[in-house]
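Number of protein chains: 2
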Amino acid sequence: IKIYEVHVFRFFRFFLACIMAEVPPVPEGYEMRDLCREDFHKGLIPLLAQLTQVDDLSESRFLEIFELRQRQAEVYRSLVIEHCESKQLVATASLIVEAKFVHGGACVGHVEDVVVDDHHRGKGLAKSLMNELAEDARRRRCYKVILDCKESNVGLYEKCGYKVCDRQMRLDIPASAAKP
Amino acid sequence: IKIYEVHVFRFFRFFLACIMAEVPPVPEGYEMRDLCREDFHKGLIPLLAQLTQVDDLSESRFLEIFELRQRQAEVYRSLVIEHCESKQLVATASLIVEAKFVHGGACVGHVEDVVVDDHHRGKGLAKSLMNELAEDARRRRCYKVILDCKESNVGLYEKCGYKVCDRQMRLDIPASAAKP
Numbered sequence: 001i002k003i004y005e006v007h008v009f010r011f012f013r014f015f016l017a018c019i020m021a022e023v024p025p026v027p028e029g030y031e032m033r034d035l036c037r038e039d040f041h042k043g044l045i046p047l048l049a050q051l052t053q054v055d056d057l058s059e060s061r062f063l064e065i066f067e068l069r070q071r072q073a074e075v076y077r078s079l080v081i082e083h084c085e086s087k088q089l090v091a092t093a094s095l096i097v098e099a100k101f102v103h104g105g106a107c108v109g110h111v112e113d114v115v116v117d118d119h120h121r122g123k124g125l126a127k128s129l130m131n132e133l134a135e136d137a138r139r140r141r142c143y144k145v146i147l148d149c150k151e152s153n154v155g156l157y158e159k160c161g162y163k164v165c166d167r168q169m170r171l172d173i174p175a176s177a178a179k180p
Numbered sequence: 001i002k003i004y005e006v007h008v009f010r011f012f013r014f015f016l017a018c019i020m021a022e023v024p025p026v027p028e029g030y031e032m033r034d035l036c037r038e039d040f041h042k043g044l045i046p047l048l049a050q051l052t053q054v055d056d057l058s059e060s061r062f063l064e065i066f067e068l069r070q071r072q073a074e075v076y077r078s079l080v081i082e083h084c085e086s087k088q089l090v091a092t093a094s095l096i097v098e099a100k101f102v103h104g105g106a107c108v109g110h111v112e113d114v115v116v117d118d119h120h121r122g123k124g125l126a127k128s129l130m131n132e133l134a135e136d137a138r139r140r141r142c143y144k145v146i147l148d149c150k151e152s153n154v155g156l157y158e159k160c161g162y163k164v165c166d167r168q169m170r171l172d173i174p175a176s177a178a179k180p
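Same order as they appear, the protein sequences are chains A and B. Heads up: the first sequence begins at 1 in UniProt numbering, then just goes up one per residue. Heads up: the second sequence begins at 1 in UniProt numbering, then just goes up one per residue.
Possibly wrong hints are sitting among the right ones.
[What the hints assert, rightly or not] With a straight-line Cα cutoff of 25 Å, these simulated BS3-like cross-link-like pairs (lysine-lysine) come out:
#, chain 1, residue 1, chain 2, residue 2
1, B, Lys144, A, Lys150
2, A, Lys42, A, Lys144
3, B, Lys163, A, Lys150
4, A, Lys87, A, Lys127
5, B, Lys150, B, Lys87
6, B, Lys150, A, Lys163
7, B, Lys159, B, Lys127
8, B, Lys150, B, Lys123
9, A, Lys159, A, Lys144
10, A, Lys144, B, Lys150
11, A, Lys87, A, Lys42
12, B, Lys144, B, Lys159
13, B, Lys159, A, Lys150
14, B, Lys163, B, Lys123
15, B, Lys42, B, Lys127
16, A, Lys159, B, Lys159
17, B, Lys127, B, Lys150
18, B, Lys123, A, Lys163
19, B, Lys150, A, Lys150
20, B, Lys87, B, Lys144
21, B, Lys150, B, Lys163
22, B, Lys163, B, Lys127
23, A, Lys87, A, Lys123
24, A, Lys144, A, Lys87
25, A, Lys163, A, Lys42
26, B, Lys127, B, Lys144
27, B, Lys87, A, Lys144
These aren't lab readings, by the way, just hints derived from the structure by calculation.
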């Protein structure tokens with residue numbers, strides 16, 4: 001009977017794996033992948049402009065930052081979702097992994113720059129990105145993932161399993177002060 | 001008259017520099033400096049335990065994280081304040097510098113793990129740390145510095161020039177899920 005139970009369990013696990021493998025991480029017509037060098041020409045900057053001020057970012061400056069972040073792959077991960085038909089990026093989100101001395105030397109994930117293009121909302125693209133970043137955070141042994149958002153986006157992140165926690169505060173640094 | 005004005009301006013600048021140089025960044029009896037390898041034996045972990053759960057952090061694990069963070073000095077900076085008499089750490093704060101694609105490719109500073117020992121509060125130690133981290137953020141061309149704090153600490157950070165901004169949300173990752 002015990003051997004029989006093991007087989008039932010294994011079959012059930014196999015069956016579950018098959019079902020789960022068939023669930024596409026993003027809807028048909030979209031592809032989720034890591035940010036790459038060519039994405040400057042696939043509308044990354046106009047997409048980010050739907051979230052915040054992007055100012056003038058040249059391709060060479062984009063590549064500088066991209067390479068700096070690639071060198072620190074332990075820290076940075078940026079996902080994008082491409083719309084297959086238009087070959088344009090329609091969603092992005094990033095994870096910053098911080099190595100801490102607290103919690104036994106575990107890590108904390110910081111989710112940053114989550115944005116979905118206006119014309120592609122309501123399809124669960126943000127949730128696909130958030131799920132993949134949470135998976136990544138698990139693999140990198142984060143004990144929590146945190147993010148800051150406007151009050152109006154609290155509901156969206158609650159659907160992704162997040163809970164309202166503390167206050168975010170900011171100190172602005174005027175551009176003039178930033179010059180060396 | 002123009003040359004005279006230049007001299008007045010230079011004298012004034014020199015005079016200001018003298019005054020500013022005489023303002024000690026921390027009260028007498030304390031020293032502010034970067035975190036170093038030896039700080040594991042100067043009470044860093046019990047100090048952090050006043051802020052959050054630290055669990056069991058061995059010296060070898062501390063050194064692993066310390067070295068990982070040293071290799072990524074573009075990202076991490078940790079300050080400590082040592083009490084000269086007891087040779088123990090009594091305050092610490094860290095800055096995580098994130099290279100962004102937004103804001104013309106500027107950086108954002110994240111202040112993390114700010115804690116002052118119970119017995120050394122009310123002396124402006126937190127403010128000294130916050131001022132130095134803000135200076136560092138300026139040097140590294142951050143356009144803003146952000147932090148998350150409990151509602152009860154909002155006043156402290158307002159004194160450091162911070163303004164309440166958004167909501168912080170968190171997703172906890174159970175320890176079992178963190179294992180590969």
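Here is how each hint holds up against the structure:
1. B/Lys144 <-> A/Lys150: holds, 17 Å
2. A/Lys42 <-> A/Lys144: Violated: A/Lys42 and A/Lys144 sit about 32 Å apart, past 25 Å.
3. B/Lys163 <-> A/Lys150: holds, 14 Å
4. A/Lys87 <-> A/Lys127: The hint holds at about 21 Å.
5. B/Lys150 <-> B/Lys87: violated, 30 Å
6. B/Lys150 <-> A/Lys163: Judged against 25 Å, a Cα distance of about 14 Å means the pair holds.
7. B/Lys159 <-> B/Lys127: holds, 8 Å
8. B/Lys150 <-> B/Lys123: Measuring from Cα to Cα gives roughly 21 Å; hence the hint holds.
9. A/Lys159 <-> A/Lys144: Distance of about 16 Å is within 25 Å: holds.
10. A/Lys144 <-> B/Lys150: holds, 17 Å
11. A/Lys87 <-> A/Lys42: OK: A/Lys87 and A/Lys42 at ~7 Å, within 25 Å.
12. B/Lys144 <-> B/Lys159: Status holds; Cα separation ~16 Å.
13. B/Lys159 <-> A/Lys150: holds, 23 Å
14. B/Lys163 <-> B/Lys123: holds, 22 Å
15. B/Lys42 <-> B/Lys127: holds, 21 Å
16. A/Lys159 <-> B/Lys159: violated, 35 Å
17. B/Lys127 <-> B/Lys150: Holds - the C-alpha atoms of B/Lys150 and B/Lys127 are around 17 Å apart, at most 25 Å.
18. B/Lys123 <-> A/Lys163: violated, 35 Å
19. B/Lys150 <-> A/Lys150: Answer holds: B/Lys150 to A/Lys150 is near 17 Å, not above 25 Å.
20. B/Lys87 <-> B/Lys144: violated, 34 Å
21. B/Lys150 <-> B/Lys163: holds, 13 Å
22. B/Lys163 <-> B/Lys127: holds, 15 Å
23. A/Lys87 <-> A/Lys123: holds, 17 Å
24. A/Lys144 <-> A/Lys87: The hint is violated at about 34 Å.
25. A/Lys163 <-> A/Lys42: violated, 33 Å
26. B/Lys127 <-> B/Lys144: holds, 17 Å
27. B/Lys87 <-> A/Lys144: violated, 33 Å
In this structure, the hints that do not hold are numbers 2, 5, 16, 18, 20, 24, 25, 27, in rising order.
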